[in-house]
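Engineer: So the sequences go chain by chain: A and B.
Count along the first sequence starting at 1, add 1, and that's the number in the working numbering.
Count along the second sequence starting at 1, add 1, and that's the number in the working numbering.
Rather than coming from a laboratory, the hints here were simulated on the basis of the structure.
All figures in this text were calculated on a predicted structure; none of them were measured in a lab.
Do not take every clue at face value.
Identical chains blur together in the list; that is why a pair holds if it fits in one copy or across any two.
Said to hold, decoys possible - Below are the DSS-like pairs computed for lysine-lysine, each with C-alpha atoms no more than 25 Å apart in a straight line:
hint : residue 1 : residue 2
1    : LYS41     : LYS418
2    : LYS577    : LYS41
3    : LYS553    : LYS61
4    : LYS41     : LYS61
5    : LYS54     : LYS34
6    : LYS553    : LYS37
7    : LYS318    : LYS294
8    : LYS579    : LYS553
9    : LYS34     : LYS107
10   : LYS34     : LYS577
There are 2 protein chains.
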Amino acid sequence: MGNSDYVYPSAATEGGGECLHRAAIPPPQPFVKSLKNSLKETFFPDDPLRQFKNQSAARKVLLGLQYFFPVLEWGPRYRLGLLKSDLISGITIASLAIPQGISYAKLANLPPILGLYSSFIPPLIYAMMGSSKDLAVGTVAVASLLISAMLGAEVSPTQNPTLYLHLAFTATFFAGVFQASLGLLRLGLIVDFLSHATIVGFMAGAATVVCLQQLKGILGLTHFTHATDLVSVLRSIFSQVDQWRWESGVLGCCFLFFLLVTRYFIGELKKGLNPVSITDLVMVSPHLSIAIKTGIITGVIALAEGIAVGRSFAMFKHYNIDGNKEMVAIGTMNMVGSCFSCYLTTGPFSRSAVNFNAGCKTAVSNVVMAIAVMLTLLFLTPLFHYTPLVVLSSIIISAMLGLIDYDAAIHLWKVDKFDFLVCIGAYAGVVFASVEIGLVIAVAISLLRLLLFVARPRTLVLGNLPNSTVYRNVEQYPNAGNVPGILILEIDAPIYFANSSYLRERIIRWVDEEEDRIKVSGDSTLQYVVLDMSAVGNIDTSGISMFEEIKKILDRRGLKIVLANPGAEVMKKLDKGKFIENLGHEWIYLTVAEAVAACNYMLHSCKPNPETDEKTEAWNSV
Amino acid sequence: MGNSDYVYPSAATEGGGECLHRAAIPPPQPFVKSLKNSLKETFFPDDPLRQFKNQSAARKVLLGLQYFFPVLEWGPRYRLGLLKSDLISGITIASLAIPQGISYAKLANLPPILGLYSSFIPPLIYAMMGSSKDLAVGTVAVASLLISAMLGAEVSPTQNPTLYLHLAFTATFFAGVFQASLGLLRLGLIVDFLSHATIVGFMAGAATVVCLQQLKGILGLTHFTHATDLVSVLRSIFSQVDQWRWESGVLGCCFLFFLLVTRYFIGELKKGLNPVSITDLVMVSPHLSIAIKTGIITGVIALAEGIAVGRSFAMFKHYNIDGNKEMVAIGTMNMVGSCFSCYLTTGPFSRSAVNFNAGCKTAVSNVVMAIAVMLTLLFLTPLFHYTPLVVLSSIIISAMLGLIDYDAAIHLWKVDKFDFLVCIGAYAGVVFASVEIGLVIAVAISLLRLLLFVARPRTLVLGNLPNSTVYRNVEQYPNAGNVPGILILEIDAPIYFANSSYLRERIIRWVDEEEDRIKVSGDSTLQYVVLDMSAVGNIDTSGISMFEEIKKILDRRGLKIVLANPGAEVMKKLDKGKFIENLGHEWIYLTVAEAVAACNYMLHSCKPNPETDEKTEAWNSV
């Protein structure tokens with residue numbers, strides 16, 4: 002390893018000026034400007050205003066409209082070839098939307114016809130404003146159940162059905178307001194915390210749950226649990242073995258027969274489109290607060306489901322959805338919906354999966370569904386008096402099975418065990434508890450990983466690659482050799498309060514271990530500790546104190562600390578925190594190679610305090 | 002900047018072998034071994050077993066005992082010179098412990114004498130096992146209030162005082178078990194999430210709150226709110242203006258006078274040491290569950306206060322406390338205490354602050370306090386029938402005022418605005434709500450910062466420093482020049498699900514902007530995008546998908562993606578995720594300089610697919 006002594010630092014090779022030997026402190030920026038920059042990077046990473054630059058006023062208006070109404074962008078490019086696919090998928094989801102809407106409205110203790118109303122207006126709004134091509138709009142079971150639980154606790158749906166109905170509209174309105182505000186406040190970044198692994202687990206779990214729910218239709222049961230977890234469903238099924246319709250088991254063979262045998266009674270349905278309900282919104286006490294509370298809670302849950310579902314299918318088809326736009330679109334469709342006799346809608350998993358499987362191409366399938374529902378409302382409602390549940394169930398199950406992505410789960414296991422854990426967490430949470438608990442578990446495990454990464458960063462020992470000025474991790478490059486008298490460490494994460502005491506201990510332990518090793522091997526004694534800061538993206542005040550403490554400890558042991566390549570943000574903070582002053586700017590180098598060269602010069606000339614000129618001279622004389 | 006073309010990569014200068022041109026994939030490690038390593042780094046960063054290596058059996062036993070009983074380490078080195086300081090501070094805190102203990106016991110609806118018992122046994126245990134030199138052990142207001150609220154809801158302290166008392170002992174026992182388990186499970190890393198900024202804010206807030214509480218004594222009020230927030234305290238004070246003892250206002254002038262005027266009636270106190278209460282622990286239903294619940298909740302809160310306080314004073318005196326040891330020590334003292342008529346104790350802020358101010362040097366001050374309390378219990382309890390509260394209040398207030406660290410807050414504002422926000426959050430939370438809410442707010446803001454750092458990492462454009470092979474951020478080094486036809490980006494954080502869609506958008510936007518710039522300036526067209534991965538500590542499956550998508554997008558636009566210096570962990574994941582296969586190992590370079598040299602060679606020889614031999618030849622011929 003001796004040949005790595007006195008390595009000539011590359012940066013100085015061709016007579017570079019003094020600036021090259023110094024890690025620069027970036028030019029100072031006014032606080033307001035840097036705050037503005039970081040807010041922009043945080044909330045407007047897509048820079049939505051960029052395309053508006055240097056455009057005529059008319060074009061600006063058009064672009065602005067296109068931003069809020071993506072239909073203006075893709076609509077003009079819509080070709081008839083796509084219509085065929087959208088028509089098929091739209092009609093398919095309409096055939097699902099009608100019975101599903103009716104049963105979810107019953108779950109929410111609302112008149113069944115509301116389920117149909119809710120599949121008419123909101124999909125039209127979403128088709129104009131949404132950025133997903135696969136999301137099918139409709140009501141969802143969880144939100145329906147929550148509405149009946151929360152509002153029902155205050156107003157009885159049987160004794161005071163009108164007030165209950167009006168409160169449901171009001172809650173929907175506030176859910177919409179809340180959802181759209183999140184989007185307008187650019188909080189779409191919340192969506193980034195739903196990872197690929199979370200979604201794989203979530204989809205498989207949701208598919209399992211939806212399949213289990215279909216056992217009701219398949220077995221022809223009339224009583225069934227409203228809970229969605231595995232245990233409740235299995236208990237519900239096996240507690241009524243005598244009620245099983247074994248005929249349903251041979252479903253594939255005699256499909257039509259069952260259209261007559263298994264039926265679902267839903268009561269009278271009136272003809273006619275959605276009545277206006279804007280005047281029904283309850284904006285006065287005493288029930289306003291429960292409506293707002295219900296709105297916010299169901300709104301968040303519906304939003305999480307809608308965006309997770311939208312993201313899942315976008316991932317399948319390799320396009321992007323914009324979280325902020327989605328929030329505004331879903332919020333607006335609920336606000337408008339609440340004025341036209343609709344209750345809370347979002348993008349339900351089952352309906353979107355059927356839409357995707359039926360080959361939808363654009364949001365036009367939502368329009369087709371809305372038109373089909375409209376025609377039903379105008380002419381066909383009496384026909385839906387009897388709904389063949391078994392057909393519905395078989396459509397849903399076949400769509401679901403394709404969504405349990407074993408291969409993706411195996412891939413996660415192979416590449417990243419932690420991601421696999423997240424995926425299994427989401428799956429088990431959805432199957433054994435509920436959709437929200439599954440999401441919460443997966444997000445919590447994912448966040449824990451981020452926190453652990455920051456709380457326990459790796460510190461790597463660097464060695465010199467033979468015949469070069471490159472210093473790399475000795476574990477990754479086993480031929481990298483250590484430099485006598487100098488310990489080179491790389492810190493692999495930002496230095497924050499959460500890791501500063503760990504890093505202090507870990508760095509001191511590296512030094513202890515190196516000294517132990519030297520004692521045994523009889524190498525030259527340790528005199529310099531070079532810290533490669535290339536990977537330290539940021540530092541806070543705890544981190545600066547940590548450096549001060551390390552410096553004190555190493556000073557006491559006669560060791561000198563040297564920094565290599567701190568980034569702009571870190572230099573700024575170290576300068577403001579007076580650590581550069583304390584350490585001496587001459588002990589901060591641009592590259593590890595230069596730091597090592599300077600240390601080597603000191604080691605061999607035994608001078609404790611380097612002067613740049615002397616160093617350069619020494620280097621030039623090698 | 003033309004002179005940076007064809008820069009000779011330094012690593013190859015001296016005839017380095019092929020290995021130098023390839024970023025190495027680290028040798029594969031069995032899953033169990035890598036899991037073991039990362040668990041060790043996470044939970045045993047201090048490597049507590051290291052000192053046991055190569056030691057005799059007897060020495061091992063001694064070291065083991067010293068680990069759990071730090072007194073065995075510092076005890077033999079204890080000098081008489083320290084005793085004077087410890088004696089003074091011990092007696093000072095004893096004089097505080099007696100009235101404080103009595104009033105907190107009353108808060109908990111327990112017999113007043115329990116406050117004295119609790120200042121006798123637990124401090125002795127802590128002195129042997131604790132690692133803080135400044136923590137003074139005793140009961141705390143918040144936990145006392147919680148005990149009375151939680152247990153009192155199930156058992157009335159007036160109608161069934163014996164059962165209530167026994168349940169309090171049982172809850173204390175379970176609090177101790179829970180606290181010690183957290184320590185034994187090595188979850189001390191929770192403590193790392195209390196940052197310097199949090200503690201500065203928390204201490205200032207707590208000092209403010211404690212000062213406000215002393216207004217009771219200063220103004221000689223007999224009725225006072227049990228709440229600790231600013232609003233409640235001020236309302237309580239100003240609602241009884243007629244009760245104010247204006248005499249107290251001139252406290253400083255005629256101290257002794259007030260010893261006679263202002264008094265506090267506390268009822269009978271029996272002589273004698275703690276009776277054994279181990280047989281009083283309630284280990285059977287029906288009240289076991291409430292005792293366990295109370296124990297866990299009060300235990301966590303007491304632990305948070307004790308460790309935050311211990312850490313604060315350790316920071317003042319520049320020593321470390323070990324979170325895991327502290328948890329075991331505090332847990333043990335509560336388990337033992339519950340067997341000797343003590344209820345929940347921890348390190349109260351006010352008492353520790355007085356201890357610190359009185360100049361304590363070691364945990365011996367706790368022993369002195371315990372002895373003083375013991376003597377009081379044996380001989381002096383009747384004297385404490387009248388406690389001069391005004392003296393107590395003035396001692397506490399003077400200690401508190403020194404703990405509001407304006408300078409630290411100003412320093413935070415100057416160096417790091419975000420840390421300042423955390424500090425103010427903690428302060429406002431403590432003053433306007435409660436100690437726990439303040440802690441929660443500060444920790445939440447701190448975590449949010451970590452998450453934002455990961456969710457919105459910076460991407461930096463690198464340029465070539467003149468006459469060198471060093472590439473650095475052009476913002477930090479304005480003289481760094483861009484290389485025609487090549488865009489060099491550095492990613493500044495691990496690539497996780499939380500930032501992968503952001504990074505994809507951001508990188509594509511950099512490419513767009515660079516192409517726009519080139520269109521205007523007429524420079525040579527962009528052909529290569531070099532991503533410097535030095536600062537990317539880790540990657541998950543979402544990150545790998547992100548790279549695949551970027552590659553697809555850039556391929557479509559005729560751009561080639563090149564990676565420079567991915568670390569060991571990243572190389573391993575990219576390899577397992579088949580991205581290296583997809584990209585081609587020849588497009589991953591050890592340094593940015595080598596990547597740029599290869600791209601330049603391609604640019605000028607117009608060959609789309611590099612062969613290492615050709616490259617080396619080309620470089621050598623420059």
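Engineer: Hint by hint, which ones does the structure fall short of?
Structural biologist: 3, 6, 7, 9
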